[in-house]
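Undergrad: Heads up: the protein sequence lines correspond to chains Z and Y, in order.
The numbering used here puts the first residue of the first sequence at 1, with every later residue one more than the last.
The numbering used here puts the first residue of the second sequence at 1, with every later residue one more than the last.
Keep in mind the hints are simulated off the structure, nothing from the lab.
Keep in mind that the hints are not guaranteed to be accurate.
Output of the computed footprint for chain Y on chain Z, the stretches with three or more beta carbons under 8 Å from beta carbons of chain Y [stated by the list, open to error]:
1. 62-70
2. 91-100
3. 156-163
4. 363-371
Short, incomplete list of chain Y residues facing chain Z, as computed with Cβ under 7 Å [as the list claims (entries may be wrong)]:
5. K14
6. A16
7. A17
8. A96
9. V152
10. A170
11. V173
12. D176
13. A285
14. K286
15. T290
16. G291
17. S292
Yeah, the Cβ is synthetic: ideal placement off N, Cα and C, and Gly gets one too.
Number of protein chains: 2
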Amino acid sequence: MKTYTYKKSSALFKRAAQVIPCGIYGHMSPSPYVPAMNYPFYAARAKGAKFWDVDGNEYIDYMCAYGPMVLGYNHPGVDAAAQKQLKSCNCVTEPAPVMVELAEYLVDLIEIADWAFFAKNGGDVTSYAIMVARAATGRKKIVLVRGGYHGVAPWAQAPGHPGVIEEDHANIVYVDWNDIESFERAISENRGQIAGFMATPYHHPTFDDSAFPAEGYWQKIEALCNKEGIVLIIDDVRCGFRIDMAGSAKYFGFKPDLACYCKAIANGYPISALVGTEALKTYAAKVFHTGSYWFSAEPMAAALATLKELKRINAPALMNKKGKKLLDGLVDIARTHGYTLKVSGMPSMPYLRITDDESLMLHQDWCGEATRRGAFFTSHHNWFVSTAHTDADIKKTWNIADDAFKAVKKQYG
Amino acid sequence: MKTYTYKKSSALFKRAAQVIPCGIYGHMSPSPYVPAMNYPFYAARAKGAKFWDVDGNEYIDYMCAYGPMVLGYNHPGVDAAAQKQLKSCNCVTEPAPVMVELAEYLVDLIEIADWAFFAKNGGDVTSYAIMVARAATGRKKIVLVRGGYHGVAPWAQAPGHPGVIEEDHANIVYVDWNDIESFERAISENRGQIAGFMATPYHHPTFDDSAFPAEGYWQKIEALCNKEGIVLIIDDVRCGFRIDMAGSAKYFGFKPDLACYCKAIANGYPISALVGTEALKTYAAKVFHTGSYWFSAEPMAAALATLKELKRINAPALMNKKGKKLLDGLVDIARTHGYTLKVSGMPSMPYLRITDDESLMLHQDWCGEATRRGAFFTSHHNWFVSTAHTDADIKKTWNIADDAFKAVKKQYG
Chain Z
1 MKTYTYKKSS
11 ALFKRAAQVI
21 PCGIYGHMSP
31 SPYVPAMNYP
41 FYAARAKGAK
51 FWDVDGNEYI
61 DYMCAYGPMV
71 LGYNHPGVDA
81 AAQKQLKSCN
91 CVTEPAPVMV
101 ELAEYLVDLI
111 EIADWAFFAK
121 NGGDVTSYAI
131 MVARAATGRK
141 KIVLVRGGYH
151 GVAPWAQAPG
161 HPGVIEEDHA
171 NIVYVDWNDI
181 ESFERAISEN
191 RGQIAGFMAT
201 PYHHPTFDDS
211 AFPAEGYWQK
221 IEALCNKEGI
231 VLIIDDVRCG
241 FRIDMAGSAK
251 YFGFKPDLAC
261 YCKAIANGYP
271 ISALVGTEAL
281 KTYAAKVFHT
291 GSYWFSAEPM
301 AAALATLKEL
311 KRINAPALMN
321 KKGKKLLDGL
331 VDIARTHGYT
341 LKVSGMPSMP
351 YLRITDDESL
361 MLHQDWCGEA
371 TRRGAFFTSH
381 HNWFVSTAHT
391 DADIKKTWNI
401 ADDAFKAVKK
411 QYG
Chain Y
1 MKTYTYKKSS
11 ALFKRAAQVI
21 PCGIYGHMSP
31 SPYVPAMNYP
41 FYAARAKGAK
51 FWDVDGNEYI
61 DYMCAYGPMV
71 LGYNHPGVDA
81 AAQKQLKSCN
91 CVTEPAPVMV
101 ELAEYLVDLI
111 EIADWAFFAK
121 NGGDVTSYAI
131 MVARAATGRK
141 KIVLVRGGYH
151 GVAPWAQAPG
161 HPGVIEEDHA
171 NIVYVDWNDI
181 ESFERAISEN
191 RGQIAGFMAT
201 PYHHPTFDDS
211 AFPAEGYWQK
221 IEALCNKEGI
231 VLIIDDVRCG
241 FRIDMAGSAK
251 YFGFKPDLAC
261 YCKAIANGYP
271 ISALVGTEAL
281 KTYAAKVFHT
291 GSYWFSAEPM
301 AAALATLKEL
311 KRINAPALMN
321 KKGKKLLDGL
331 VDIARTHGYT
341 LKVSGMPSMP
351 YLRITDDESL
361 MLHQDWCGEA
371 TRRGAFFTSH
381 HNWFVSTAHT
391 DADIKKTWNI
401 ADDAFKAVKK
411 QYG
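Only chain Z is shown next, with the shape it has when bound in the complex (with noise of 0.2 Å):
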């Protein structure tokens, strides 16, 4: 099996660090990668669960965009009603009526939605929920898991990166995923200062194995939320219709007071989107929260699509399928090589890990060699599953999968 070559994707990437800070920043910054511009770096067309680098090399993509590729890049349904708003009209000085619609579709469909907020960014809403959480109690500090992921504002981010001050964590109180307890003496310690809890409906953290919730973790923290008065807020982000279409709270069996959604809701169209209880609706009016884009037609349009399209074929149930087959498969050819592939989280989104090497570089070594035979391999953030991949990408993945261990077995011996 041949692999790829990365002359045009390196020259563009050269050009790129001369004036863009890191060339490509942020999650898709290929920064491991970039001594040895053995990578593709810019993608020249995308269909279905393939897209193609800008030297002509094929890749089954297991990332799917970071998460908002769900139904297949350039799906024609969502494509079309896309395309229709656009053409009436998109970003105007006022809302189209999709909006209303989009949010009575959503209040329909997640379970604990009384209302929907719509805005750009992830982190644009789950910055929004902690403001309403702060304006409905009179209460300022938030609850947050221990590694989890809620987006870039500086609130968010783990103290000390740069550009992230003290004062930014004033407010935030840490607690370990899976531990009661340690909720528990947050509360005891915070005692009627708590405005809100947020954490992902499972712990999927990077450079780790992600997490379930243990037997009654959610309820619990439901529970003590009630009690004390907390705003229990779910990052429904990256699990968002991957999990269950109604909400990844009604799959786990709890019902939080507001959720985030983003990623998977539009099939790539640029929206984000808050849900919340009745009891809240107040107070998400009074927070003053907007954007120049916000308003904008054609990624409701696409969103009201997405989601109907992902309700009408089960997808949640469809990717946990197909990645099950997948992971299966992996697991299975890992084992015939000798090494153990660890798999964790939902299959529609699943953390791989090679146990065999602590030091992860044998596991990243591996997923550097498959993508460059044409599977789209990440490796230390968890992978995405589409409903677009087909039985023929997964035979194929397993067969690149297999000669990308020969090419690490060969290395690390």
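Given chain Z's structure and the hints, the job is docking chain Y onto it.
TA: Frame of chain Z, contents of chain Y only:
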């Protein structure tokens, strides 16, 4: 002249109020007009300088989506460039080459730009700018002008707003616009602690006249920032590309270290940008800042097409010429009715105020009367002019304004 009716808008807004906080929130919230339901709440279609509401009423639009619309709604050239990119790829696992082209174009275009960084909201880049300033200086405090607008992040909102807590302003120091002494005082009271000074190129608050920089103001600010090692940040989100294609700072004769763009940059496609000097590039690279849709290629292609077209037609000069013609006429018409219409700010984004009523209610009613006749005027926020406004639009606007003056004259006597 018949005034419009709003049966469908009102019905939709009532539905919206059930499922969306405020019905319509943020800067588009029509709350002052809600009691009468006598206002267009929803757009059905837009083209050129006009939009049509859901009741079929036509408006010459002087808000231009609050700024993003600069070449006219559904501009064929911009839309074609966006469509072409969309058909290849938009929101994918990797950025597209257009990201590099756009960064190179901005570096050539904006006087101070050695690099460019892209996000979605104007607020994404104002927040990033203060993080870069903090990372670069190792200092915490940010100096802002009282009454300036830099987005909805808690640090950017006025203290005391719902959801904003006092710690959000622990490191914000306010000075008055055009008041060098207040800036010098801020420096001496916070010696060695100020990371950055952020302001708009000229002061354009809501509910008050716009104010240009006093002679030598920016030059003194620049000199003080250089002397004290303070990062000078221009928030060019609203003024950008409506004053000078090379940046509004160029027009006012000073050189900031960082400049924030959004709104007019892509004719309504969702993108914002921070540009900066070489000296700050390393620090910009250190701050972690990213978002799910920040690498999407369609808005980047739209931005490139928009900027090239704005430059080709010298759009700032054109918009200011059109704006001046419109405003001179409106001032004359006001005079014939015995009113003084005060105009401030750039003609491409003017603030208007009928000075004969300090409560501003007469002014608000005049804007409402004009809107209900087909010229969309906003009362307490600056307007926006686009290159798509025609002489015929301006003449029709004068007739509408004349009739609106008659209506308020009748009401107020």
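Undergrad: Work down the list of hints and note, for each, if the structure agrees.
TA: Status of each hint after checking the structure:
no. : hint    : result
1   : 62-70   : holds (count 7)
2   : 91-100  : holds (count 9)
3   : 156-163 : holds (count 4)
4   : 363-371 : violated (count 0)
5   : K14     : violated, 10 Å
6   : A16     : holds, 5 Å
7   : A17     : violated, 10 Å
8   : A96     : holds, 6 Å
9   : V152    : holds, 5 Å
10  : A170    : holds, 5 Å
11  : V173    : violated, 14 Å
12  : D176    : violated, 23 Å
13  : A285    : holds, 4 Å
14  : K286    : holds, 4 Å
15  : T290    : holds, 2 Å
16  : G291    : holds, 4 Å
17  : S292    : holds, 6 Å
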